[in-house]
Amino acid sequence: MALGDRTIVSNINIGVDSRELHVLIGPNGSGKTSLLNAIMGIKPYEVVSGQVLFMDSDVTREPPYLKAKRGIAIAHQLPPVLKGIVAGKFADELVRRYGVMRIYVDTLLETLEVRYLLDRYLFDKMSGGERKRLEMFLTLLVRPKVALLDEPDSGVDIDSMEKMSRAIHVALNSGTSVVLVTHSLHMIKLLRDYIKLVHVLYGGTLILSGLYDEVVPLIEKHGFSGALSRLAGGPH
Amino acid sequence: MNRDEVLKALSKPSPYGPDVDLSRFDIGSSTPESVDERSVERITDRLGISGQVFRRVDYLQVNESVVAKAMSEKLVKHGAVVLPTREALRKLNWVSAYSWKLIEPTIDKYTAASYLYGRESGFFIYVPPGIKIMEPIYTCLFITKKNYAQLLHNIVVVDEGAELNLVTGCGVPDQPTKSLHVGVSEFYVGRGGKLTYTMIHAWAPEMVVRPRTAVEVLGGGEYVSYYVIYSPVESLQTYPRVYLRDRAKATLNSVVVGTGNSIYDVGSSVILKGGESSGEILSRNLSKGSSVIYARSRIEGAIGPSRGHIECLGLIDGPSAVIESLPEISSSTPEAVLTHEAAIGKISEEQLSYLMSKGFTEEEARAAIIKGFLSIEEPRLPHQVMEIVKRTIEYIASRATG
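Chains as they are written, first to last, in this note's numbering: chain A, 1 to 236; chain B, 1001 to 1402.
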């Protein structure tokens, strides 16, 4: 995966089945956000070799809106302010396009506690936690087949993290698979019981994939670079 | 008024906008005409008030002919006075106290031409003290003739504690008419009164448009305007002035969408002449094609305490499009708090990417961004009027991406 002439991420092979939660962790600059953007087809990120396969179809070159229609959704790490677009009306438009049941929408609204944000312009004059929760709401709202969540926990308080963890649980129960990107371990701990695998990205390469108990204690004890030197032999 | 001075002003250009040779237009003639209803329907379609035109519009003037006057019945039942300006000046002595008082005929060649040759064509409305007419009044001023000069003089007086919500659509059929529109409007809002004035313009290439508007708002009164222009023109220049007395408020909203090779010189100014008065100017400017938009705004703080704010935003969507934003704040008292913000940019790739990742095609995403950019919420306008404005903005956004 490249940004211009520069290769950002290489040698990644992750398979996600239905209703699974996979966590992708790594230090700042390890390529986590770039990887999600490349999967979604967001410019200027580009997959230069390999494939993005979705339900047996090669969607590598598809533009983001077609991927979204297939059921791939992304929660952006820093969603842009869109003045003039009212959050509630935007949510209604997504509900209309994707034909979502109202009860599911209400469940997410209550879980994430974002109902009071619906009369505001998208992400305008919102705190970090409000922006993250609203973006997660708009992402999970469409009941995607797979949700790519890019650091929903960065810069937010513990209360917001707990609300978002509950929302991920709701999404998993409704049939959504989730790929959660983070560089903190707190939210991972909140979701521990639902995690299928934890993947560690370091320097643009996958250095480790394993169960929660195999990976998280190692990272906690030695940090990312310490874990890498201990692994010496490459991805496990 | 010294007629010789006004005659001299016929050669006086406006300080703003391109100068126009008035001899291009048939000024002062008064030939009888028949009104082509299909042309009228085409214009109302473009103004977002399509269908049942004669039932919906309360006052319709085509060229010089007044076609529909339901406005009179609607307003008179509330005790208001509604007359053609010429008739009002002839029948009611006191009306002259409001005529050519806020706008001097000698300001420039357009006001001079209106004064000398306009024969006081236009409408006069007086709303007596305490009468609140909440139902919006729709007026339309159309041009269907070529090389024609439509010279109008409208006077609106909303007396103490009264309220009026006026909507004016001005336009031509969707084809070049090479005509001139000068609308001189003098609005007076009495103490504690309120006037909302929404104006939507749908002109065509080769049209020259020079509205001249001035408003006086007395103590505790309020004036809200919402102006939308989205059609091509040869040139359009306007710079309304609003004078606010003690505790008076004004909000001037404008949405200018430039297309073709048109030149739009659109300003708004508020003069804070009373203590605790406040004014706000909000403008959204979208320049497409090779259009040029001059977005002027000025707030003068003459007395304090008073407040004023200008927000002027521009979006350039074309390699030859130009926006020049000229916000000015001027104060002669330390107690006036005046602020402004101005920004010009292009449609953000980040915003496009975001919406596309939510399932919008690029075209849908662009339309949504443009619609959001142009939308200025104005809760002080009646709901029905805001719906017309929103429909117009939606129409603009859907065409802006084509």
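It is worth saying that the hints were derived from the structure and are not from the lab. Please note that a few of the clues may not be correct.
Dumping the calculated SDA-like pairs for lysine to any residue here, alpha-carbon to alpha-carbon at most 25 Å [as the list claims (entries may be wrong)]:
no. : chain 1 : residue 1 : chain 2 : residue 2
1   : B       : K1101     : B       : L1010
2   : A       : K89       : B       : L1010
3   : A       : K125      : B       : S1348
4   : B       : K1145     : B       : V1020
5   : B       : K1390     : B       : A1302
6   : A       : K145      : A       : E113
7   : B       : K1074     : B       : K1132
8   : A       : K83       : B       : R1380
9   : A       : K145      : A       : D157
10  : B       : K1346     : A       : L3
11  : A       : K89       : A       : L3
12  : B       : K1371     : A       : V95
13  : B       : K1145     : B       : K1074
14  : A       : K83       : B       : K1346
15  : A       : K83       : B       : K1012
16  : A       : K83       : B       : K1101
17  : A       : K125      : B       : E1206
18  : A       : K69       : B       : K1132
19  : B       : K1146     : B       : R1038
20  : A       : K125      : B       : P1013
21  : B       : K1012     : B       : M1134
22  : A       : K69       : B       : R1038
23  : B       : K1101     : B       : P1013
24  : A       : K89       : B       : E1350
25  : B       : K1145     : B       : K1101
So, going through the hints one by one against the coordinates:
Taking the CA atoms of B/K1101 and B/L1010, the gap is near 19 Å; set against the 25 Å cutoff, the hint holds. Between A/K89 and B/L1010 the CA atoms are separated by roughly 52 Å; this puts the pair beyond 25 Å, and the hint is violated. Note on A/K125 and B/S1348: the hinted pairing holds, with a Cα-Cα distance of about 19 Å set against a maximum of 25 Å. Taking the CA atoms of B/K1145 and B/V1020, the gap is about 19 Å. The hint holds against a cut of 25 Å.
Proposed proximity of B/K1390 and B/A1302 is contradicted: the alpha carbons are some 35 Å apart, above 25 Å. Only pairs whose Cα atoms come within 25 Å are accepted, and A/K145 paired with A/E113 is accepted, the gap being roughly 23 Å. A threshold of 25 Å between alpha carbons decides the hint, and for B/K1074 with B/K1132 the separation of about 13 Å falls inside it, so the pair holds. For the suggested pair A/K83 and B/R1380, the alpha carbons sit about 20 Å apart, so the restraint of at most 25 Å is met.
A C-alpha spacing of about 28 Å is found between A/K145 and A/D157, which places the hinted pair above 25 Å, so the restraint is violated. Distance hint between B/K1346 and A/L3 is fulfilled; the C-alpha atoms sit about 23 Å from each other, no more than 25 Å. Under the criterion of a C-alpha separation no larger than 25 Å, the hint pairing A/K89 with A/L3 is inconsistent with the structure, at around 34 Å. Taking the CA atoms of B/K1371 and A/V95, the gap is near 20 Å; set against the 25 Å cutoff, the hint holds.
In summary, the hint linking B/K1145 to B/K1074 is not supported, as the alpha carbons are separated by about 29 Å, beyond the 25 Å threshold. Our distance criterion of 25 Å between C-alpha atoms is met by A/K83 and B/K1346, whose separation comes to about 14 Å. Annotation: proposed proximity of A/K83 to B/K1012 is violated, straight-line Cα distance about 42 Å (limit 25 Å). Distance check on the hinted pair: A/K83 and B/K1101 sit about 40 Å apart at the alpha-carbon level, beyond 25 Å; violated.
Distance check on the hinted pair: A/K125 and B/E1206 sit about 43 Å apart at the alpha-carbon level, beyond 25 Å; violated. Under the criterion of a C-alpha separation no larger than 25 Å, the hint pairing A/K69 with B/K1132 is inconsistent with the structure, at around 51 Å. For the given pair, B/K1146 sits about 16 Å from B/R1038 by alpha-carbon distance, which is consistent with the 25 Å threshold. With a CA separation close to 45 Å, the supplied pair A/K125 and B/P1013 exceeds the 25 Å bound.
Proposed proximity of B/K1012 and B/M1134 is contradicted: the alpha carbons are some 41 Å apart, above 25 Å. Distance hint between A/K69 and B/R1038 is unfulfilled; the C-alpha atoms sit about 44 Å from each other, more than 25 Å. Of the pairs offered as hints, the one joining B/K1101 and B/P1013 holds, with about 21 Å between alpha carbons and a cut-off of 25 Å not exceeded. Restraint check: the Cα-Cα separation between A/K89 and B/E1350 comes to about 20 Å, which is no more than 25 Å; the hinted pair holds.
Proposed proximity of B/K1145 and B/K1101 is contradicted: the alpha carbons are some 31 Å apart, above 25 Å.
Hints 2, 5, 9, 11, 13, 15, 16, 17, 18, 20, 21, 22, 25 from the list above are not met by this structure, while the remaining hints are.
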